[in-house]
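Colleague: The residues making up each chain are set out below.
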Amino acid sequence: MVAVLSLTCLLCSAILGGAYALTKDPIDKAAADKTARSIALVVPEFDSVSEEKVATLDDKEYKYYEAVKDGQPVGYAIVSKAGGFGGDIVLMVGLDSAGVVCNTSVLSHSETPGLGAKCTSDEAFMAQWKGFDPSVKILSVKKDGGDVDAITASTITSRAYAKAVETAVEVFKSINGAAVDASTGASVKPMEETENEQ
Amino acid sequence: MEYFLIIISAIFVNNIVLAQFLGICPFLGVSNKLSTATGMSGAVCFVITLATLVTYLVNKFLLVPLHIEFLQTIAFILVIAALVQMVEIVLKKTSPSLYSALGIFLPLITTNCAVLGVALNVVTKQFTFGGEAHFLNLGESLVYALATSLGYGLAMVIFAGIREHLSLSEVPKAFKGVPIALVTVGILAMAFMGFSGMVK
Amino acid sequence: MSSKARLILDGFVKNNPTFVLLLGMCPTLATTTSAVNGLSMGLATLFVLVLSNMAISAIAPVVPDKVHIPVYIVVIATFVTLLQLLMQAYTPAVYETLGLFIPLIVVNCIVLGRAEAFASRNGVIASAADGIGVGLGFTLALTVLGAVREILGSGSIFGWKFISGDGMLAFVMAPGAFICLGYLMVLFNKYLKKE
Chain E
1 MVAVLSLTCL LCSAILGGAY ALTKDPIDKA AADKTARSIA LVVPEFDSVS EEKVATLDDK
61 EYKYYEAVKD GQPVGYAIVS KAGGFGGDIV LMVGLDSAGV VCNTSVLSHS ETPGLGAKCT
121 SDEAFMAQWK GFDPSVKILS VKKDGGDVDA ITASTITSRA YAKAVETAVE VFKSINGAAV
181 DASTGASVKP MEETENEQ
Chain Y
1001 MEYFLIIISA IFVNNIVLAQ FLGICPFLGV SNKLSTATGM SGAVCFVITL ATLVTYLVNK
1061 FLLVPLHIEF LQTIAFILVI AALVQMVEIV LKKTSPSLYS ALGIFLPLIT TNCAVLGVAL
1121 NVVTKQFTFG GEAHFLNLGE SLVYALATSL GYGLAMVIFA GIREHLSLSE VPKAFKGVPI
1181 ALVTVGILAM AFMGFSGMVK
Chain B
2001 MSSKARLILD GFVKNNPTFV LLLGMCPTLA TTTSAVNGLS MGLATLFVLV LSNMAISAIA
2061 PVVPDKVHIP VYIVVIATFV TLLQLLMQAY TPAVYETLGL FIPLIVVNCI VLGRAEAFAS
2121 RNGVIASAAD GIGVGLGFTL ALTVLGAVRE ILGSGSIFGW KFISGDGMLA FVMAPGAFIC
2181 LGYLMVLFNK YLKKE
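Protein chains in written order, with this note's numbering: chain E, 1 to 198; chain Y, 1001 to 1200; chain B, 2001 to 2195.
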């Protein structure tokens, strides 16, 4: 009786161990593909993307990727998040080297279907991020005096989205500040802002 | 304060039956009478909390160190099945009165997806509860499990109360039994939607 | 009609797991926010149901009666984990949408129910046919429920939008799931359940 049960368990674990070994590579590849796809979606045209890097801002760590074309960095894809209605909204935010938002893409969210979840399907809401210049426009929803058009009936989600983009912009400034420090000292403005904040 | 948020969130905002759709089968099956509903809720409460404690420890000290998290589903269901069996035996020996109240529900609990659902949720999902998203620690997990099962009990008892009245009223033939019960749960779920957004 | 085809057909109407046997309510209600989601959940369950039915009918004669439930659960859990790994590898987006309800197929009463009531007493081929029938019945029910909720709640069907603007959002959320299933059951009782 016990023998049959243990034998079954042993056999099943063995099968699963094998299956795990076989599917491990495809699973890792699927995750990497997903990241690569969202990076490609949000940064300007590039030749290659750097390995995952980590930037620290206010004691929090943010993952980011650098897109390179002809040996020059042309943009950054930064992973940032903010608390929405149902939980965290995690975004991949792409900025070009001047700090203008190129595009955004939602990595994960748990917003209400049909309301906040429209942050992944509402075309007007998604389109407004292309070319959003945070040095000219204010990163908060119109209700709060900013320049972001909120999704109808989902102000909390829209606020969180704007907050996450804002965080990404701050992270960009700190990355860029450091990069400029090390090199020629071009594009001084982001560096100054970073220094003021730190 | 965080524990308070967990409790409110688990009982009202993300009620396990009415918002998360877990444990529906026994919810519809044994809610005909208030007394059986209370008995089932008690048994579920006991098992969910205990199972979450054990599966949390199994995950942390066995599965994670060995890097075999992919066996979570199979390990947890075995733990739960064994646990339910043990609870049944212990209860039978030590407290016949409690056994006669909860005993008949225990075999049904192994396949109650609320138990496995809560156990898996605790170790795989990040919760916010007003602050940063994080995995729950042991204390939070236990509070979450207990509060969730209290939410189960609450939904069950409210629904059983309604159903006792429902059985006396005349409904169209095709609606008799489960269909009218489902429509009633729908309206109840709508009432619980009023809590949404209260705790993030 | 051959007996195998009869078995498959029975799963659709006479033994429809959702409308007649009232089994597997949790995934039925939770994953049917759209027709595609319902269909994916149904197919995932079909996969586990057919394989576990076949495996259990093969091993049933040698399993002692006293431990048959734990053994069946282990077998089912194995196929569920296999499904989890495969979905993570090849359909990660679907896996993410269905979330917790994929591992919860283990405790879906349909799977254990068919193992107990059918697979343990019949041959491998017959059990496979039974699994396909019941699985398709479940898939059909989930897809129909998902389609109804999507039409009413989002004004679209299988992702194709036929009205501009929003539908009645309540149908996508929790209350709509219960109410839609209730009314679908009423229709099923009135028009299909003759016997």
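Because the hints were derived from the structure by calculation, they are not lab data. Treat the hints loosely; a few may be bogus.
Residues on chain Y that point at chain B, a partial pick, calculated with CB under 10 Å [unchecked claim]:
{"#": "1", "residue": "Leu1078"}
{"#": "2", "residue": "Pro1096"}
{"#": "3", "residue": "Leu1188"}
Every residue gets a Cβ at the ideal spot worked out from N, C-alpha and C, and that includes glycine.
Colleague: Of the hints given before, which are not true for this structure?
Modeller: Result: hint 2 breaks, nothing else.
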